[in-house]
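> Make a model of the complete structure from these sequences and hints.
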Amino acid sequence: MKMPFEFKDMPEASGLADAAGEHVRRMVRFIFEYEDSQQALVVYDMQCPLAAALAEAYRRDLPNADFIDFDAQSPEAIRESFYRLKPGGLVVLIQTTNFRLDDFRIRVELFKLSLKVIEHPHLGRMRGDESRIYVDSLAYDPDYYRRTGPALKTLMDHAKVCRVKSADAELTFESGFEESKMNIGDYRGMKNWGGQFPIGEVFTEARDLEAVHGTVRIPLFGDVNFAVHRPSRPVLLTVERGRVTRLADSNPEFDRVIESILADEGEVWVRELGFGMNRAFSLERRVTDIGTFERMCGVHLSLGSKHALYKKPHFKTKAAKHHVDVFAAVDSVRIDDREVYRDGSWIIP
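When you line the sequence shown up against this note's numbering, it's residues 1 to 349, in that order.
It is worth saying that the hints were derived from the structure and are not from the lab. Bear in mind the structure is a predicted one, so any value in this text is a computation, not a measurement. Backbone N, C-alpha and C define an ideal beta-carbon position, used for all residues, glycine too. Be careful, since some hints might not be right.
Stated by the list, open to error - Derived CB-CB ranges, DEER-like: (1) Arg188 x Ser332: 41 to 49 Å; (2) Phe30 x Ser81: 20 to 28 Å; (3) Asp157 x Thr245: 26 to 34 Å; (4) Ser332 x Thr245: 53 to 61 Å; (5) Ala19 x Glu80: 43 to 51 Å; (6) Ala308 x Pro349: 29 to 37 Å; (7) Arg127 x Asp157: 50 to 58 Å.
Stated by the list, open to error - Here are the simulated DSS-like pairs of lysine-lysine, each with C-alpha atoms no more than 25 Å apart in a straight line: (8) Lys181 x Lys306; (9) Lys153 x Lys181; (10) Lys181 x Lys191.
The structure is reproduced here in structure tokens:
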């Protein structure tokens, strides 16, 4: 069903659609190698200006696609629209919150159908000027992502030590690392083509979590409502044998995060070591949604024992309840003897 979009009640959406146009075109045509002869389906809602703007941007670039307003169709009709697509077709999900179709796990099921997926969830969490920052984060520089991402992965996969330094703190990882994962908009040779956007991340964790130690300043963190929180002063964490053992300069919101992890898990582990690559985001240029901001150009860690992609024998899946993203104040990152990050940028040639 092809539908026009009206912005009479959302005047800001029109400008956002114009700004998103070239980014959407590069995503669709370059990352997903889409051609107009192929099938495409866009499922969207109009519950917030950013969702409406992205729907319009995709409409302009995909004139032959079918568009379905999620709120105007039954779950059965939407599911049937997926099944009508041929393998290799493109599905775009534009969501103010997160679409639910009973027990139908949308992205998982679409991958089973060999469909390509672009997912934009939780758009309603972007507030005011954050919508434009989100649009900027969709820009795709293939030379940057496809050069820097694999270079970081290669270094981490062979590293023995990584040091994350700021003016008054240094966190050290000394055991080597699990095989790194990349989210850089390059799906060639992969089983599943697509995922959540925006992109830009290489992540791993220590092979031996107890070999993580030192201190790290946290100027931003995900709070209990999955929103990015910035305290008046960065929290200083002390990490011993992979666990947070002391806090300094803390605040009530961060205390609630730590108390929640302790209540459920008994201790606070440091697991993920993430290298965000998306240059639209920084400590100063933020969006509220933690799942989006996680791609910030810099270093993030996860607190809590939950990490679905890396299995450790001493963590039971059902008992691991927390994965809280926190963002490090970083002046420099060194992998073995090589500096790879300085002054807010990755410096891999």
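> Hint by hint, note whether the structure agrees.
Status of each hint after checking the structure:
The hint said 41 to 49 Å for the Cβ distance between arginine 188 and serine 332, and at roughly 33 Å that hint is violated. A hinted range of 20 to 28 Å for the beta carbons of phenylalanine 30 and serine 81 is consistent with their spacing of about 26 Å. In this structure the hint that aspartate 157 and threonine 245 lie 26 to 34 Å apart at CB holds, the actual value being about 29 Å. Judged by the Cβ atoms, the range 53 to 61 Å given for serine 332 and threonine 245 is violated: they are separated by roughly 24 Å.
Under the hint 43 to 51 Å, the C-beta atoms of alanine 19 and glutamate 80, about 34 Å apart, miss the expected range. For alanine 308 and proline 349, the hinted distance range of 29 to 37 Å is satisfied, since their beta carbons lie about 34 Å from each other. Taken as a hint, the range 50 to 58 Å is violated for the pair arginine 127 and aspartate 157, whose Cβ atoms sit roughly 38 Å apart. The straight-line distance between the Cα atoms of lysine 181 and lysine 306 is roughly 16 Å, inside the 25 Å bound, and the hint therefore holds.
For the hint pairing lysine 153 with lysine 181, the CA-to-CA distance comes to about 7 Å; that is within 25 Å, so the pair holds. Note on lysine 181 and lysine 191: the hinted pairing holds, with a Cα-Cα distance of about 14 Å set against a maximum of 25 Å.
In terms of the numbered hints stated before, the structure departs from hints 1, 4, 5 and 7, listed from lowest to highest.
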